[in-house]
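Number of protein chains: 4
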Amino acid sequence: MVVVMQERASEEQIEAVIERLVDLGMDVHRSSGASRTVLGVVGPNKIDSALIQILDGVKEVVRISEPYKLAGRTFKPNDTVVTIDDVRIGGDEVIVMAGPCSAETEEQVDASAAAVKRAGAKVLRGGAFKPRSSPYSFQGLGEVGLRMLRDAANAHGLKLISEVMDVSQIDLIARYCDIFQVGARNMQNFTLLRELGHQQKPVLLKRGLSATIEEWLMSAEYILSGGNNGVILCERGIRTFETATRNTFDISAIPVVKKLSHLPVVADPSHGAGRRDMVAPMARAAVAADADGLLIEVHNDPDRALSDGAQSMFPAQFERLMAELRIIAPAIGRSICLEPVARRGWA
Amino acid sequence: MVVVMQERASEEQIEAVIERLVDLGMDVHRSSGASRTVLGVVGPNKIDSALIQILDGVKEVVRISEPYKLAGRTFKPNDTVVTIDDVRIGGDEVIVMAGPCSAETEEQVDASAAAVKRAGAKVLRGGAFKPRSSPYSFQGLGEVGLRMLRDAANAHGLKLISEVMDVSQIDLIARYCDIFQVGARNMQNFTLLRELGHQQKPVLLKRGLSATIEEWLMSAEYILSGGNNGVILCERGIRTFETATRNTFDISAIPVVKKLSHLPVVADPSHGAGRRDMVAPMARAAVAADADGLLIEVHNDPDRALSDGAQSMFPAQFERLMAELRIIAPAIGRSICLEPVARRGWA
Amino acid sequence: MVVVMQERASEEQIEAVIERLVDLGMDVHRSSGASRTVLGVVGPNKIDSALIQILDGVKEVVRISEPYKLAGRTFKPNDTVVTIDDVRIGGDEVIVMAGPCSAETEEQVDASAAAVKRAGAKVLRGGAFKPRSSPYSFQGLGEVGLRMLRDAANAHGLKLISEVMDVSQIDLIARYCDIFQVGARNMQNFTLLRELGHQQKPVLLKRGLSATIEEWLMSAEYILSGGNNGVILCERGIRTFETATRNTFDISAIPVVKKLSHLPVVADPSHGAGRRDMVAPMARAAVAADADGLLIEVHNDPDRALSDGAQSMFPAQFERLMAELRIIAPAIGRSICLEPVARRGWA
Amino acid sequence: MVVVMQERASEEQIEAVIERLVDLGMDVHRSSGASRTVLGVVGPNKIDSALIQILDGVKEVVRISEPYKLAGRTFKPNDTVVTIDDVRIGGDEVIVMAGPCSAETEEQVDASAAAVKRAGAKVLRGGAFKPRSSPYSFQGLGEVGLRMLRDAANAHGLKLISEVMDVSQIDLIARYCDIFQVGARNMQNFTLLRELGHQQKPVLLKRGLSATIEEWLMSAEYILSGGNNGVILCERGIRTFETATRNTFDISAIPVVKKLSHLPVVADPSHGAGRRDMVAPMARAAVAADADGLLIEVHNDPDRALSDGAQSMFPAQFERLMAELRIIAPAIGRSICLEPVARRGWA
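Protein chains in written order, with this note's numbering: chain A, 108 to 454; chain B, 108 to 454; chain C, 108 to 454; chain D, 108 to 454.
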């Protein structure tokens, strides 16, 4: 911590600040310039900078350590690769997770899974518990939906990711899924994060609608500090004044997070954009900005979807997008799944 | 719902939209102007406007009902007054809830309770479970803290409010507190809100950092729809680009919410400002803008507080603030608690 | 400037940063802790911190001087009072400036001026050049409007403030007005600010819609550095995600600016709110938060106004607001103009 | 315009609204549903919706025409291509404009121009008048700088774009440049926009830091309505709560604007990111999202640049970026300039 005193700070004020810091168990290095005194503060680093900020004569307090440790590149310089069997998130290949917003019927889930597999997705996404802002909206099928999703994932050779909303759902979801998804609204549900830190399966952590990147990494820290190293970050748009899109997809978060943290970062252009015709450009942009993966809503019949139909892609749109992404990925030295049918053709 | 077609929309496009709406069970009234067609849509009102928005030829879809019902003035024109014995929140008197951020020791809780009671507060606030953005920060004393708070509230004739973070804490907190507090980070923890809807005690619901007023009222709806009518809304600052304060206290939310909803609205200037010297001006402003109450952090020794010390007021500052508020409240035809000592003097 | 090196910074990286700083003419004080090196940098203070930020091994660069000088309390600890004859902005009295958005007709201007004078305003506001976001909207009457406003101000014993949009309008507006108003959209029109720095008359500088407080003070610095000390700051709302009001009135900017700067701060609740029924609560809040004045749109017949009619108060609403403000101002040790008619009655 | 009445609106209120609208010269179509009345309003369309919004009984007013006309796709369905000799902005080729932030010396301008030409840029960018937020910063070389830029552009076969900050600079800049650049801070300098509407040369209009897309298109309308059809829009980042980057580059603005307007849209990743190491990912993302061009700061020696050095690319970085973009562009059916030297080599 660096404490910058005001130009007009008196000697008494400076000494009072030093005394307070020493009281709190810190070592203080005083450095007096022509017009201003600066205090370098070293120690066990658990003091709240706001407490010093309000002392008389203090102009500014600057933290010099990130509040996160395990999530930072300082702690672990090399990229983390989250591995589920042969699916490696954070490696050279861009991993695409796709599927319907919610599980609705067996046919819908199976048809959607078949479509995303055909186009090259490696992970099936789909919700059984839905966080809906209205208590009167469709809230998901629960375990029945999870079973449909698992069956479809197995049938088509896909891994499965699904959202967990509350501690009470963890055991159930763990029985069916390969990856837990934590939604934007739960990014600071610390009780939930702490429990997920004790799980064996990886967690995809979406950025909160108004979360700073630092807060997002702090939430990852909650999971990591419990012993679960499989954290995947997911950018899905932040809230700004612009109303033309539901959220503002923060494309720059991808390179920023990759600089600060070793964790893989994927992008959710479906929620970032909120409408189907914006998903493809945002998905292409995310891959061009070096995202490690994508999370995309695809529905076999979006016009009949019970939730998020407007932002779900048609299978044909998704296939075309995948073809575009296969052109873009090599620009940054990455690959993306070849179309399995074609691959089988080669065997 | 009103569907506005593009100027260049073809007859086929218009008919396709109408057909889709009829499919969804709605009645459609078509109104064609010189340059544009507008469709009035009436019905059971559960369709997602985004689904229509993306149809060819549609320019804009306008919802004409609020998504909330029980929380709105349309449903209940008269102000709701939340009553706990003789404390009435939403009536003529401005109710002040004050106390330390966290319960730390019996002495600290008791001294803080004595101080806020003396100055005119009616409700003691204090946390036993703390939502901290770092897993390494003080997380609260749990039940031990709740007992300290209850004892101090009883000793000084105050009601008690404390934060609930998870469904698993509800029963415990209900045994000790008069009002549940839901923090900003949990405003969209729908599992929690739903459970609180089945409780008998009132709930103070803080606005999320990036929540629109409509989303805030939708979260209130979750509680109300479960049968719990005692919802108190609490503005505590939103996230903006300004970094001079921790949050931007949205003072205009107070009159806006009072226009849209019958629920009482209180203000939390401590979190809105984030630093002690900004609390008094924000508290005065909130009362001048017609807030029904205030939630203020006061600590008997803020410099030694384990959390939020920088934004906690000293007892003497709080007393002075209360004196200022007693001048302001009559400007809008309201009262604020007389200093109890003085009152006793009159008896 | 304080340069914080990364924990893993090598000795070569640290030396390269020091060399670069010395090259730029700075003195560097190196302070090595157990895990991290911090560099204190002193000097003529014109280097761009971003240049150092991007050097290898640098974690963070912290500026320790404000970029503004003349506008800061460090430079001038005592409050500035801007004086126009007997009107003192920044003194004990809260000064109210009110009138129509635009000058439209002689009758309208005169009736509005009479109304605001009667209620206690000291300055007439009104526009002759209007910055309209549509090229097809009413753009103001120009010099004809200025003359109407000056005549009405003279007739009713009021000072006059009017907006200047471009360097080419300065001479003309100076002939008619007592205070120049710079609108939010021109807060960073540096060519205009520089010219106003050479004028004799005070300048009311509105905060830009997305301007930080620091940028606002930097724009004030442009005017002050030209030799014009009469700068009045005006908060009018910032842009956020909330759409229930046109802007979010940043009430906390008032105490923050008063801490950082000696310049008077007034509030414009009409633009901050954007609708008539929100103006009174915002105006009361601003005075309660210690604003030095208010800028309010009042029109003798708002329903017929050519611009901003929806946010203009009726004369009777304005009178009632002034009565409320007279109750609030003493809470913070200030006064507000007595109703002149009453005062005359006492003579 | 559609006026939605409140559920509880009385017949008197409805009639008062209709009367007001008729007074304003509009035709009103009344449509009464079971619970609510909706009024369709048609007419010369110049009324301020806020005026109706505040009438008693009104719930919401919805505009059904965009406020812009000439800038919209309704007016002109086909893409506009802005042509300067053989450079076509808005056609199949992605046009790159690059060069230093400011003209500093002949050598610097020439070396930078040579570098960007070699890598495939078609337009040289560089400032002679600089909008600096501090009055104490380098303000540009004025005409001397313009001459350096023109000479370098001519020497290397590039077109030239440079910023205009005030009406008084238009004639001078027009003598030297091929495209006028309007900076973000001047996006609502309506006096300047109006004058540029009378010029023959195209105008690149940057989006303001807090401008909505609609406001941006309204500012384009100012230029178009004066008769100048050569408007190029430029996204450069908006202001949000995130502080890890200087601005949040709004990547989704590119597809949104292309849907609403026929005008070409380019991206400025240098200002959007604010630091050199973020420019390449943002530039790649912009092209992947279908931007018609890029505006990039490149300096022959960024470490010695007088302004924006931290966000200026080194020539070698820029070359590498161009190579990456040549891989990405075909993914969306576009091309990007081949390296001229290589091309010559083929001839």
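These are calculated hints, taken from the structure and not from any lab test.
Keep in mind that a hint or two might mislead.
Just so you know, same-sequence chains aren't split out, so a pair can sit in one copy or run between any two.
Unchecked claim - No more than 20 Å apart at the CA atoms, straight line, and that leaves these computed lysine to any residue pairs for SDA-like:
1) 366 with 162
2) 308 with 121
3) 366 with 277
4) 366 with 161
5) 183 with 165
6) 183 with 131
7) 166 with 366
Just so it is clear, the structure is predicted and the values come from calculations on it, not from any experiment.
20 Å Cα threshold - placement of residue 121 relative to residue 308 = Classified as neither: same-chain Cα gap 51 Å, cross-chain 41 Å, threshold 20 Å.
Evaluate residue 183 and residue 165 at a C-alpha cut-off of 20 Å and name the case that applies: within, between, both or neither.
-> Result: close only across copies, 18 Å inter versus 35 Å intra.
At 20 Å max between alpha carbons, let me know whether residue 166 reaches residue 366 within a copy, between copies, both or neither.
-> between (30 Å within a copy, 11 Å between copies)
For residue 183 vs residue 131, is the C-alpha pair at or below 20 Å within one copy, between two copies, both, or neither?
-> neither (30 Å within a copy, 34 Å between copies)
Classify it for me, residue 366 with residue 161: is the Cα-Cα distance of at most 20 Å met within a copy, between copies, both or neither?
-> between (32 Å within a copy, 12 Å between copies)
Since the copies are identical, ignore which copy is meant and state whether residue 366 and residue 162 lie within 20 Å (CA to CA) inside a copy, between copies, both or neither.
-> Between copies, since 14 Å is at most 20 Å while 34 Å is not.
Are the CA atoms of residue 366 and residue 277 at most 20 Å apart within a copy, between copies, both, or neither?
-> This pair counts as neither: shortest intra-copy Cα distance 31 Å, inter-copy 41 Å.
Hint violations for this structure: numbers 2, 3, 6, all remaining hints satisfied.
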